[in-house]
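Visitor: Sequence:
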Amino acid sequence: MGKTTCFQPDRSLEDVLYGDLGDEYRVESDELSEEKFKALIEQLDNLKKTNHHVAELLSEAETTNGRLTTQNSLLKDEIRRLEREEKREAELSNEKNMEYLKNVFVQFLKPESVPAEREQLVVVLQRVLHLSPNEVDILKAASAHMATAQTGTWSSYFTGWTATTS
1 MGKTTCFQPD RSLEDVLYGD LGDEYRVESD ELSEEKFKAL IEQLDNLKKT NHHVAELLSE
61 AETTNGRLTT QNSLLKDEIR RLEREEKREA ELSNEKNMEY LKNVFVQFLK PESVPAEREQ
121 LVVVLQRVLH LSPNEVDILK AASAHMATAQ TGTWSSYFTG WTATTS
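Residue numbers (UniProt numbering): 1 to 166.
Do not rely on the hints blindly, as some may be mistaken.
[Said to hold, decoys possible] Calculated pairs, DSSO-like style, for lysine-lysine (alpha carbon to alpha carbon, straight line, at most 30 angstroms):
no.	residue 1	residue 2
1	K36	K49
2	K36	K96
3	K110	K87
4	K87	K36
5	K96	K110
6	K36	K76
7	K87	K76
8	K49	K102
9	K140	K110
10	K48	K36
11	K48	K38
[To be verified] Ranges between beta-carbon positions, derived for each pair:
no.	residue 1	residue 2	range
12	E35	E56	30 to 36 angstroms
13	E62	E34	38 to 44 angstroms
14	R81	V123	18 to 24 angstroms
15	R80	K49	43 to 49 angstroms
16	L109	S132	30 to 36 angstroms
17	R88	V54	25 to 31 angstroms
18	N65	E89	35 to 41 angstroms
19	E78	K140	43 to 49 angstroms
Hints listed in this document are in silico derivations from the structure and should not be mistaken for laboratory results. In this text, a Cβ means the ideal position worked out from N, Cα and C, and glycines have one as well.
Please build the complete structure, drawing on both the sequences and the hints.
Guide: Below, the structure written as structure tokens:
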């Protein structure tokens with residue numbers, strides 16, 4: 001029917017398995033096979049050593065990367081702190097700003113101040129003093145403690161601050 005089939009003589013299993021791989025992997029004799037086997041074992045050992053060395057280098061690189069990431073984070077925090085400090089110094093160098101800050105601080109400490117007023121004063125203190133988020137949280141906690149304090153003595157206000165900074 002128009003199909004031509006090519007007849008292939010029976011081939012040995014070795015020829016079927018290794019015949020198409022080329023001369024490099026062909027096993028021709030026992031002596032040559034042992035030489036190639038030893039060479040392959042040596043090559044395998046070298047590859048294992050190289051792999052181990054590369055794994056050590058990767059581990060060192062990951063450790064260094066972690067250390068540098070931590071250091072980067074600490075340096076960024078330090079830069080932010082220094083920038084806040086610089087802004088604070090510029091803000092407080094003016095006598096009018098110092099007087100304003102004093103009035104805000106005294107108003108914050110007044111026992112008759114209502115909680116909503118203290119919350120607004122925390123925002124003012126944050127802007128004038130360029131406080132960090134942690135420092136703002138401390139002031140908010142102090143404000144909340146002042147609002148819930150039963151006694152109006154000055155010592156009750158200061159105990160609230162020591163409790164929030166610990």
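Visitor: Confirm or reject each hint.
Guide: Hint-by-hint comparison with the structure:
no. : hint                            : result
1   : K36 x K49                       : holds (20 angstroms)
2   : K36 x K96                       : violated (90 angstroms)
3   : K110 x K87                      : holds (27 angstroms)
4   : K87 x K36                       : violated (74 angstroms)
5   : K96 x K110                      : holds (21 angstroms)
6   : K36 x K76                       : violated (58 angstroms)
7   : K87 x K76                       : holds (17 angstroms)
8   : K49 x K102                      : violated (70 angstroms)
9   : K140 x K110                     : holds (15 angstroms)
10  : K48 x K36                       : holds (18 angstroms)
11  : K48 x K38                       : holds (15 angstroms)
12  : E35 x E56: 30 to 36 angstroms   : holds (32 angstroms)
13  : E62 x E34: 38 to 44 angstroms   : holds (42 angstroms)
14  : R81 x V123: 18 to 24 angstroms  : holds (20 angstroms)
15  : R80 x K49: 43 to 49 angstroms   : holds (47 angstroms)
16  : L109 x S132: 30 to 36 angstroms : violated (21 angstroms)
17  : R88 x V54: 25 to 31 angstroms   : violated (50 angstroms)
18  : N65 x E89: 35 to 41 angstroms   : holds (36 angstroms)
19  : E78 x K140: 43 to 49 angstroms  : violated (24 angstroms)
In this structure, the earlier hints numbered 2, 4, 6, 8, 16, 17, 19 are contradicted, and the remaining ones agree with it.
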